[in-house]
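**Q** So the sequence lines, in the order shown, correspond to chains Y and D.
Using this note's numbering, you'd call the opening residue of the first sequence number 296 and step up by one each time.
Using this note's numbering, you'd call the opening residue of the second sequence number 296 and step up by one each time.
It should be emphasised that the hints constitute simulated quantities derived from the structure, not laboratory data.
Treat each hint with caution, since some may be false.
[To be verified] Simulated pairs of lysine-lysine, DSS-like, Cα-Cα distance not exceeding 30 Å:
1) D/K321 with Y/K435
2) Y/K435 with Y/K321
3) D/K321 with D/K435
4) D/K321 with Y/K321
5) D/K435 with Y/K321
[Stated by the list, open to error] Per label pair, the in silico range of CB-to-CB distance:
6) D/E352 with Y/L644: 52 to 60 Å
7) Y/A525 with D/G623: 34 to 42 Å
8) D/E575 with Y/D613: 50 to 58 Å
9) D/A400 with Y/L644: 35 to 43 Å
10) D/G417 with Y/S334: 16 to 24 Å
11) Y/D546 with D/G384: 53 to 61 Å
12) D/D494 with Y/D397: 20 to 28 Å
13) Y/D613 with D/A400: 47 to 55 Å
14) D/G384 with Y/T524: 49 to 57 Å
15) D/C551 with Y/G417: 33 to 41 Å
16) D/E487 with Y/G417: 34 to 42 Å
Cβ coordinates follow ideal geometry from the N, Cα and C atoms, glycine included.
Protein chains: 2
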Amino acid sequence: MVGVRRSDLFLPATRETPGSGSNAAKLLVRAGLIRNFGSGLWAVTPAGQRVREKLTERVVAAMDAIGGQRVRLPGLQYADRWRESGRWGGFEDEMFTLENRDGQAMCLAPSHEEGVVHLLDGRVRSHADLPLLVYQVESKFRDDHARNGLVRTKEFTMQDAYSVDVDEPGLRETYREVRAAYERVLDDVGLEYAIVEADAGVMGGAASEEFVAPVSDAGGDSDRLVHCTADGCRFGVTDEHDGSDAHATGDACPECGGDLAASDGIEVAHVFKLGTRYSEAMGFTVDTGDGSERRVEMGSYGLGVDRLLQTLAQQHGDSDSLAWPVTGWGSAAPYRAAVIPVGEDSEVLNVAERIHNDCGRDDVLLYDDLSVGERFAESDLLGIPATVVVGNTYRENGVVDVETETGTEELAVEAVAECVERFAASEGEHRVGSGATD
Amino acid sequence: MVGVRRSDLFLPATRETPGSGSNAAKLLVRAGLIRNFGSGLWAVTPAGQRVREKLTERVVAAMDAIGGQRVRLPGLQYADRWRESGRWGGFEDEMFTLENRDGQAMCLAPSHEEGVVHLLDGRVRSHADLPLLVYQVESKFRDDHARNGLVRTKEFTMQDAYSVDVDEPGLRETYREVRAAYERVLDDVGLEYAIVEADAGVMGGAASEEFVAPVSDAGGDSDRLVHCTADGCRFGVTDEHDGSDAHATGDACPECGGDLAASDGIEVAHVFKLGTRYSEAMGFTVDTGDGSERRVEMGSYGLGVDRLLQTLAQQHGDSDSLAWPVTGWGSAAPYRAAVIPVGEDSEVLNVAERIHNDCGRDDVLLYDDLSVGERFAESDLLGIPATVVVGNTYRENGVVDVETETGTEELAVEAVAECVERFAASEGEHRVGSGATD
Numbered sequence: 296m297v298g299v300r301r302s303d304l305f306l307p308a309t310r311e312t313p314g315s316g317s318n319a320a321k322l323l324v325r326a327g328l329i330r331n332f333g334s335g336l337w338a339v340t341p342a343g344q345r346v347r348e349k350l351t352e353r354v355v356a357a358m359d360a361i362g363g364q365r366v367r368l369p370g371l372q373y374a375d376r377w378r379e380s381g382r383w384g385g386f387e388d389e390m391f392t393l394e395n396r397d398g399q400a401m402c403l404a405p406s407h408e409e410g411v412v413h414l415l416d417g418r419v420r421s422h423a424d425l426p427l428l429v430y431q432v433e434s435k436f437r438d439d440h441a442r443n444g445l446v447r448t449k450e451f452t453m454q455d456a457y458s459v460d461v462d463e464p465g466l467r468e469t470y471r472e473v474r475a476a477y478e479r480v481l482d483d484v485g486l487e488y489a490i491v492e493a494d495a496g497v498m499g500g501a502a503s504e505e506f507v508a509p510v511s512d513a514g515g516d517s518d519r520l521v522h523c524t525a526d527g528c529r530f531g532v533t534d535e536h537d538g539s540d541a542h543a544t545g546d547a548c549p550e551c552g553g554d555l556a557a558s559d560g561i562e563v564a565h566v567f568k569l570g571t572r573y574s575e576a577m578g579f580t581v582d583t584g585d586g587s588e589r590r591v592e593m594g595s596y597g598l599g600v601d602r603l604l605q606t607l608a609q610q611h612g613d614s615d616s617l618a619w620p621v622t623g624w625g626s627a628a629p630y631r632a633a634v635i636p637v638g639e640d641s642e643v644l645n646v647a648e649r650i651h652n653d654c655g656r657d658d659v660l661l662y663d664d665l666s667v668g669e670r671f672a673e674s675d676l677l678g679i680p681a682t683v684v685v686g687n688t689y690r691e692n693g694v695v696d697v698e699t700e701t702g703t704e705e706l707a708v709e710a711v712a713e714c715v716e717r718f719a720a721s722e723g724e725h726r727v728g729s730g731a732t733d
Numbered sequence: 296m297v298g299v300r301r302s303d304l305f306l307p308a309t310r311e312t313p314g315s316g317s318n319a320a321k322l323l324v325r326a327g328l329i330r331n332f333g334s335g336l337w338a339v340t341p342a343g344q345r346v347r348e349k350l351t352e353r354v355v356a357a358m359d360a361i362g363g364q365r366v367r368l369p370g371l372q373y374a375d376r377w378r379e380s381g382r383w384g385g386f387e388d389e390m391f392t393l394e395n396r397d398g399q400a401m402c403l404a405p406s407h408e409e410g411v412v413h414l415l416d417g418r419v420r421s422h423a424d425l426p427l428l429v430y431q432v433e434s435k436f437r438d439d440h441a442r443n444g445l446v447r448t449k450e451f452t453m454q455d456a457y458s459v460d461v462d463e464p465g466l467r468e469t470y471r472e473v474r475a476a477y478e479r480v481l482d483d484v485g486l487e488y489a490i491v492e493a494d495a496g497v498m499g500g501a502a503s504e505e506f507v508a509p510v511s512d513a514g515g516d517s518d519r520l521v522h523c524t525a526d527g528c529r530f531g532v533t534d535e536h537d538g539s540d541a542h543a544t545g546d547a548c549p550e551c552g553g554d555l556a557a558s559d560g561i562e563v564a565h566v567f568k569l570g571t572r573y574s575e576a577m578g579f580t581v582d583t584g585d586g587s588e589r590r591v592e593m594g595s596y597g598l599g600v601d602r603l604l605q606t607l608a609q610q611h612g613d614s615d616s617l618a619w620p621v622t623g624w625g626s627a628a629p630y631r632a633a634v635i636p637v638g639e640d641s642e643v644l645n646v647a648e649r650i651h652n653d654c655g656r657d658d659v660l661l662y663d664d665l666s667v668g669e670r671f672a673e674s675d676l677l678g679i680p681a682t683v684v685v686g687n688t689y690r691e692n693g694v695v696d697v698e699t700e701t702g703t704e705e706l707a708v709e710a711v712a713e714c715v716e717r718f719a720a721s722e723g724e725h726r727v728g729s730g731a732t733d
């Protein structure tokens with residue numbers, strides 16, 4: 296990695312503000328993390344991609360830690376398996392369909408239950424091959440009405456996982472493990488969320504739960520959430536499911552007695568007990584060891600990476616600036632620190648270079664262009680958690696000012712790297728408050 | 296990572312052989328690395344995904360090392376920019392098109408010249424913002440006639456890069472850097488290839504070169520290559536471009552005097568000097584600092600990750616087994632080693648477990664099911680470069696047999712990890728024969 300110098304970086308910050316969506320969606324555009332490609336389509340810039348990669352690596356580590364096996368299914372698929380499952384032409388009118396040059400019907404997969412059955416079918420034959428958990432992190436496509444930036448789009452990156460068990464107790468256990476893995480991911484990245492009972496909708500199956508993040512403004516997306524504000528309690532209800540009318544702001548949480556609060560909500564993840572919904576329709580069975588065949592019990596799990604990115608921004612930014620939570624895991628901010636030289640003298644510039652090198656160059660943004668005022672404004676807009684200022688304090692006392700969420704402290708040059716280390720995203724599985732678990 | 300035990304792994308090896316394509320394409324299916332999803336569409340299994348990730352990480356490191364900035368553009372796009380460039384409806388009839396729910400024309404992007412212009416347009420305004428190199432590693436879509444497994448498909452993963460320079464000398468320099476980066480990648484992973492002048496075709500522009508790998512059987516894909524077999528010489532010509540008739544097997548290489556050989560060839564990468572082909576059509580200019588505006592000079596570069604995977608397999612496997620080259624960089628094999636216990640006694644099983652732990656559990660496959668014969672056969676079929684056998688030699692002498700391409704050696708248990716380390720894929724930029732360069 297050659298290091299990130301502001302003069303080399305393509306960061307398309309802009310004063311233009313898009314007309315719709317939440318304030319955070321607009322800030323992501325203004326800060327140059329994403330750029331619109333027409334209704335419901337977005338590109339991610341180099342800085343935005345860094346946030347995506349940090350979030351993706353966290354969820355990949357969580358899946359690997361519970362024995363998930365990463366695969367890659369095609370996004371473009373033929374109709375046959377969708378006809379078998381009964382979802383062809385029935386995906387809430389949100390499935391993109393097209394024909395290939397030979398006139399065969401195809402679709403852009405909005406979900407991969409059919410694909411996973413096809414991947415496993417005929418190869419997974421015995422109860423001894425189960426349980427099995429496969430996952431991918433790929434684009435999904437839905438012809439949805441575009442709303443609120445990255446929250447409701449026509450193409451989006453999701454980590455989607457699919458489990459296969461021989462019986463219902465097995466499914467319950469796998470479901471519990473994936474649900475707990477998602478909790479660890481969302482806790483680590485610093486999202487506030489509730490886990491609410493939900494309708495299975497187009498996925499089908501017996502039961503499902505959504506991870507819904509409270510936000511002040513869902514940008515026109517109408518999920519209404521009532522959730523418990525007590526630390527660690529995940530109780531919540533939404534108006535998509537029965538029971539939300541029974542609770543309101545100020546009521547006591549039926550689970551822990553804490554205070555309930557009403558707000559908009561954004562669904563960031565969804566876990567489904569599909570049961571035999573797909574194994575019945577598509578004839579996916581295993582032998583049980585006693586000579587009989589049995590339809591497998593499946594689960595389906597999805598966590599929206601792009602959605603998570605924006606929802607974090609919605610919960611933590613203010614009207615003028617993005618902000619990314621800092622936890623024991625670290626931060627999803629595009630860079631752990633910005634180094635801002637104040638002045639053009641070689642003494643200051645050399646120290647700024649040295650700090651850039653010491654701190655992990657590929658994750659630290661060195662400001663070597665723009666005016667001093669623009670440097671501070673942009674670093675603030677991006678939500679970079681630490682700003683290392685090399686200027687008068689250095690000239691006078693040989694120390695630098697490090698500005699973080701806890702205030703400004705003066706540090707020796709050689710102490711900066713360790714100080715900003717905590718703003719990096721940890722690698723692998725990491726549990727806030729209890730150290731690494733893998 | 297919980298480690299790879301054969302009993303947990305979904306590896307859909309099969310005795311069925313698909314009807315078409317090269318022998319290596321069939322072996323990839325038989326070994327369970329990929330599975331067909333209908334004409335031109337493939338899924339990648341957990342073991343196949345590991346190979347893909349090793350190759351992807353290598354090419355990402357190469358792009359980062361020359362200052363490439365990773366982005367992500369949508370695969371689904373509206374027609375407007377394609378109409379501007381003049382490629383809507385003209386992409387050799389290979390562009391998938393569809394309509395969204397509002398009747399707007401869309402396509403699945405087969406390439407991203409238009410997307411990159413849209414990403415940069417209006418944000419890159421000055422010569423001081425250049426040069427710029429952005430890249431992504433994402434799915435591309437082409438409604439091609441499916442042939443030869445992963446080589447010619449309708450959806451494929453490509454690392455595609457796009458450069459923007461202020462003038463032609465700048466483009467020449469950037470082109471040279473990306474071309475050299477691709478050489479380093481292909482050298483590291485152990486591909487044999489020639490660099491041949493090519494027609495720019497649907498990309499347009501002034502000049503282009505292809506990286507073409509000689510193979511004995513292109514599986515019905517008809518590129519005919521004549522290339523120099525001398526070490527380090529990259530001379531070659533194909534029948535897609537003028538001049539291939541002028542050379543034949545046995546002729547002397549016009550560049551180095553070495554022996555030429557004719558064979559089938561597979562294009563694994565392509566680099567294009569686009570010049571102002573897109574900046575003219577789409578009005579992408581920068582100010583030059585003297586008050587005038589100038590159309591930017593662009594380059595476009597693509598390396599097919601899935602194609603590279605299969606082409607490596609074609610060059611190195613035999614009729615019965617896959618094989619992955621071992622270089623100073625390491626190997627793209629799905630696992631650096633297989634640990635095969637011979638016997639069921641706890642002494643043998645415990646040592647196998649210990650070696651599995653010592654060697655990097657997530658990259659070493661521990662055989663804990665199948666018969667002993669099946670273990671050896673499968674490890675061989677997968678092309679795993681080192682087989683660690685724990686059996687009689689251990690019981691008698693306390694050492695294990697490590698079988699590699701250089702033969703079998705007896706090693707103390709604690710020496711195995713270091714021995715198999717060289718079969719792992721190195722992280723970051725690594726130059727065969729000259730150590731790390733970043």
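**Q** Determine for every hint whether it applies to the structure shown.
**A** Hints and how they fare:
{"no.": "1", "hint": "D/K321 with Y/K435", "verdict": "holds, 29 Å"}
{"no.": "2", "hint": "Y/K435 with Y/K321", "verdict": "holds, 23 Å"}
{"no.": "3", "hint": "D/K321 with D/K435", "verdict": "holds, 23 Å"}
{"no.": "4", "hint": "D/K321 with Y/K321", "verdict": "violated, 50 Å"}
{"no.": "5", "hint": "D/K435 with Y/K321", "verdict": "holds, 29 Å"}
{"no.": "6", "hint": "D/E352 with Y/L644: 52 to 60 Å", "verdict": "violated, 34 Å"}
{"no.": "7", "hint": "Y/A525 with D/G623: 34 to 42 Å", "verdict": "violated, 57 Å"}
{"no.": "8", "hint": "D/E575 with Y/D613: 50 to 58 Å", "verdict": "violated, 43 Å"}
{"no.": "9", "hint": "D/A400 with Y/L644: 35 to 43 Å", "verdict": "violated, 51 Å"}
{"no.": "10", "hint": "D/G417 with Y/S334: 16 to 24 Å", "verdict": "holds, 19 Å"}
{"no.": "11", "hint": "Y/D546 with D/G384: 53 to 61 Å", "verdict": "holds, 59 Å"}
{"no.": "12", "hint": "D/D494 with Y/D397: 20 to 28 Å", "verdict": "holds, 27 Å"}
{"no.": "13", "hint": "Y/D613 with D/A400: 47 to 55 Å", "verdict": "violated, 40 Å"}
{"no.": "14", "hint": "D/G384 with Y/T524: 49 to 57 Å", "verdict": "holds, 55 Å"}
{"no.": "15", "hint": "D/C551 with Y/G417: 33 to 41 Å", "verdict": "violated, 51 Å"}
{"no.": "16", "hint": "D/E487 with Y/G417: 34 to 42 Å", "verdict": "holds, 36 Å"}
Hint check: violations occur at hints 4, 6, 7, 8, 9, 13, 15; the rest are consistent with the structure.
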